[in-house]
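Can you build the whole structure from these sequences, using the hints too?
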Amino acid sequence: MTENIAPYIVLSGVRKAYRIGGEMISIFSGLDLTIPQGDFVAVMGPSGSGKSTLLNMLAGIDSPDSGTLRIGTSRLDQMGEAARAAWRAHNMGIVFQFYNLLPMLSVAENVELPLLLKPLSRKERRLRVDKVLDLVGLAGRAKQYPALMSGGQQQRIGIARAIVSDPGLLLCDEPTGDLDRKSADEVLEMLRFLNRHLQKTIVMVTHDPQAALYARRTLHLDKGDFVEEKRAA
Amino acid sequence: MSTHSRQALVMIRTNLSSLPRRRAISISMILSVALVVCVLAGFLSMAKGFETALNGAGSPAVAVILGGGTNQETGSDIPASVIRTLGAMTGDLGVTRNADGQLVVSREIVVPVDMKQITNGAARTLALRGMDALGPSIRDGIGLSAGRYFTPGAREIVVGDRLASEFGLAVGDTVRLGAVDWTVAGHFSAHGSAFESEIWADLDAVRAAFDRQGQVQSLKLRLTDPAALKLLQDKVATITGTPLVVLSEADLYAAQSGRTAGLIRLFGWPLALLMAVGAAAGALNTMMSSVTDRTVEIATVRALGFSRLSAFLGTWVEAIVLAGAGGIVGLLASWLIFNGWQASTIGANNARMAFQLAVTPDVLVTSGLLGLAIGILGGALPAIAATRLPLTAALRARG
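Each protein sequence line maps, in turn, to chains F and X.
Add 3 to the 1-based position in the first sequence for our numbering, that's all there is to it.
Add 80 to the 1-based position in the second sequence for our numbering, that's all there is to it.
No lab work stands behind these hints, which were simulated from the structure alone.
Misleading hints may appear alongside valid ones.
Said to hold, decoys possible - Ranges of calculated distance between the beta carbons of each label pair, as one might list FRET restraints:
no. : chain 1 : residue 1 : chain 2 : residue 2 : range
1   : X       : L346      : F       : E26       : 33 to 43 Å
2   : F       : A86       : X       : P350      : 41 to 51 Å
3   : X       : I417      : F       : G140      : 50 to 60 Å
4   : X       : T372      : F       : R220      : 34 to 44 Å
As the list claims (entries may be wrong) - Coverage of chain X stretches by chain F, computed from C-beta distances (three or more under 8 Å per stretch; other residues unrestricted):
no. : stretch
5   : 326 to 333
6   : 381 to 387
In this text, a Cβ means the ideal position worked out from N, Cα and C, and glycines have one as well.
As structure tokens, this is what we get:
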């Protein structure tokens, strides 16, 4: 399915280095990557391979030193921080390893957060929140607080928050890293559902080979370059 | 409501809701601000109470003539020739005259006397004012609350209500002032003004008892109108031989209160500001702790697309709310501790002057604003720090 669709994410000749202790450490020295719209890509690799840096750049949290980073029609490498934040708010959802829910807000209020950045009425926001909570199987839990819920449920709240504004791209940072196998499978099934039925493009960083099996393809990153690509059967 | 307002409100709400996680340090900030506010309110209420006591004593419709080039009763001396000259002046002096055409005037002297308090037996120096029989009636706002005024020539005194209760002076009691005994003829009320810290007696009796024969320190005259003071000043200026100062009673007491109140404020403000600097440093520490505590939360919402401004406002408003809470605690404490508290100081004529501390609205506002300023200044830097948190913290930290 994905091969025939135009590239959605394009990294071309991306270079990135960090100064650590007075020494420049190169993470990427000319990284190229193309991800079509509607793809579900797992990115694996050992610690220090550049997975987090890649995710940060895709999220617009970090920017390349040089090279091209395009998502859709937007050149993130040419945007300032405020523009990237605005772009993020409208085009992307992030699923965090440790859920990153705000404990003093209810489930519905957590999910509503990205909608506060959009010119929507309270009623419209409530409708959207109810819809995604229903989608992730948490209808009826809207007024509860995350701390009272299991890890799997909390991650489903995280996913609901990531998709509530209907972004085209989902970035998942070790989404099952803090979950038991059963909960992890439930979350991964949900991501697969979002990819296959709602056509979300998903980039998932993971250490878990089982998790990677849910993706359409798996990219192995090592020392700042992709060394292997596997496609799902 | 705009998206910016919604972001800010969410950040403010999440910050304030997370306060219980930082209970101890938040309470310490509230208390430190409360202490600063309370101390400043204490000093300001002291100054305000002192001013109220003295300003309440002075009337713009009463003129005071002082001699000897001074503008205080202490050190003033009015020669008898001046009094005779003044009395002989005809025409309009701007001063009320009685049915016989005589000026309504009271010659007065003030003698410091020692008296023991009933509470602790400690001796206090009080002002014994000798005056003519017209003296009490010339003044505004004076009323007998018990007994009667002194009889001319008799060793009788009338005491202010405040002194009467503090020293246990009942009508009919005998007290020793100087070398002679005096009988308490009555109590007078002056609405809490400085007059209530004085003892009044007949001028000649005081002069005889304290060997001050012929001495007059001041003349009190009832003006026909407050605006007539200028006319009296012009007339008195024609009297040569001794330098005379003519001013309204209100100005006389305002000058006295201004000096002392200024001194109280001069001491109080630097102390409060020094404490405020310390409290602001404490607030800065508290809010830095708050930012550290909420690093993941702030970075998460920023990663979702929330603006830097919302992160700034969330932290800043938290600091201001904590400072505001401290201010309210401090103001309540100052109200409970200081308002109406009896204090005394050395007033005019080296005599003790009692007054009530007054925690007035302007004292509350000024002190409260200082408390808020601590939050505004102490919270600004941490709020800026909150906007500069690396967003990568959201992706790698355990939330």
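Status of each hint after checking the structure:
1. L346/X to E26/F: 33 to 43 Å: violated (58 Å)
2. A86/F to P350/X: 41 to 51 Å: Taking Cβ atoms as reference, A86/F and P350/X lie about 49 Å apart, which means the hint holds.
3. I417/X to G140/F: 50 to 60 Å: holds (59 Å)
4. T372/X to R220/F: 34 to 44 Å: holds (40 Å)
5. 326 to 333: With 0 residues closer than 8 Å to chain F, the stretch 326 to 333 of chain X misses the three-residue bar; violated.
6. 381 to 387: Three-residue rule met by the stretch 381 to 387 of chain X, so holds; n is 7.
Checked against the numbered hints above, the structure violates hints 1, 5; every other hint is satisfied.
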